[in-house]
Amino acid sequence: MNTLSYKTVSANKATVNKEWVLVDADGQTLGRLASKVAKLIRGKYKPNYTPHVDCGDNVVIINAEKINLTGNKWADKSYIRHTGYPGGQRSLTATEMFEKDPTRLIEKAVKGMLPKNKLGSALYRNLYVYAGTEHGQEAQKPKTINLNDLK
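If you count the sequence shown from 1, position 139 lands on 139 in the UniProt record's numbering, and the numbers rise without skipping.
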């Protein structure tokens, strides 16, 4: 048996094939949507997945204003930030953040599921979230994907 034929193929920036994917957030639960989108952006659904390379797809999410949160999370879930000054802790509930900008809920959820390093910052730039059905990526001809078919 020729053992030289069993080489592990590691993807790099030149050999990766990135695609454009369109995801409809209408009626989806926030956390479940975010975890699947983070996996798509990371490239974990591809057979040539490599942990240290950006081998995932570019994901366009539409209908961000039709997202669901289960239980009392609209009132109870809080998003905390700090201004940097003493006593500068500020918080918003999910409802308040949704009223300001519905896309920020999805963006924060997905960003929290990506790596906290330079690769995670680069991967986050592959996410495009829009509140309505119109998006600015028609020229890339994104392939529509059903998240319920993914594991």
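Derived from the structure by calculation, the hints contain no laboratory data.
Computed from a predicted model, the values in this text were never measured in an experiment.
Please note that a few of the clues may not be correct.
[Unchecked claim] Ranges of calculated distance between the beta carbons of each label pair, as one might list FRET restraints:
1) A75 <-> K116: 25 to 33 Å
2) E99 <-> L119: 27 to 35 Å
3) V53 <-> K100: 29 to 37 Å
4) R32 <-> Y124: 15 to 23 Å
5) Y85 <-> T50: 41 to 49 Å
6) P86 <-> S35: 34 to 42 Å
7) Q89 <-> E138: 35 to 43 Å
8) K100 <-> P47: 37 to 45 Å
9) Y79 <-> T50: 28 to 36 Å
10) K111 <-> K13: 16 to 24 Å
11) E138 <-> R104: 21 to 29 Å
12) D26 <-> A139: 39 to 47 Å
13) L150 <-> S121: 21 to 29 Å
14) P86 <-> T50: 19 to 27 Å
[To be verified] The calculated DSSO-like cross-link candidates involving lysine-lysine, where the alpha carbons are at most 30 Å apart (straight line), are:
15) K39 <-> K18
16) K73 <-> K39
17) K7 <-> K111
18) K13 <-> K44
19) K111 <-> K44
A virtual CB, placed ideally from N, CA and C, is assigned to each residue, including glycine.
Consistency of the hints with the structure:
1. A75 <-> K116: 25 to 33 Å: holds, 28 Å
2. E99 <-> L119: 27 to 35 Å: 33 Å Cβ-Cβ, so the 27 to 35 Å window holds.
3. V53 <-> K100: 29 to 37 Å: holds, 35 Å
4. R32 <-> Y124: 15 to 23 Å: About 19 Å separates the Cβ atoms of R32 and Y124, which means 15 to 23 Å holds.
5. Y85 <-> T50: 41 to 49 Å: Hint holds: Cβ distance 42 Å, inside 41 to 49 Å.
6. P86 <-> S35: 34 to 42 Å: holds, 36 Å
7. Q89 <-> E138: 35 to 43 Å: holds, 41 Å
8. K100 <-> P47: 37 to 45 Å: 40 Å Cβ-Cβ, so the 37 to 45 Å window holds.
9. Y79 <-> T50: 28 to 36 Å: holds, 32 Å
10. K111 <-> K13: 16 to 24 Å: holds, 22 Å
11. E138 <-> R104: 21 to 29 Å: holds, 23 Å
12. D26 <-> A139: 39 to 47 Å: violated, 23 Å
13. L150 <-> S121: 21 to 29 Å: holds, 24 Å
14. P86 <-> T50: 19 to 27 Å: violated, 44 Å
15. K39 <-> K18: Holds. K39 to K18 sits at ~14 Å (cutoff 30 Å).
16. K73 <-> K39: holds, 24 Å
17. K7 <-> K111: Violated, at roughly 34 Å.
18. K13 <-> K44: holds, 16 Å
19. K111 <-> K44: holds, 16 Å
Taken one by one, the earlier hints fail for this structure at numbers 12, 14, 17, listed in ascending order.
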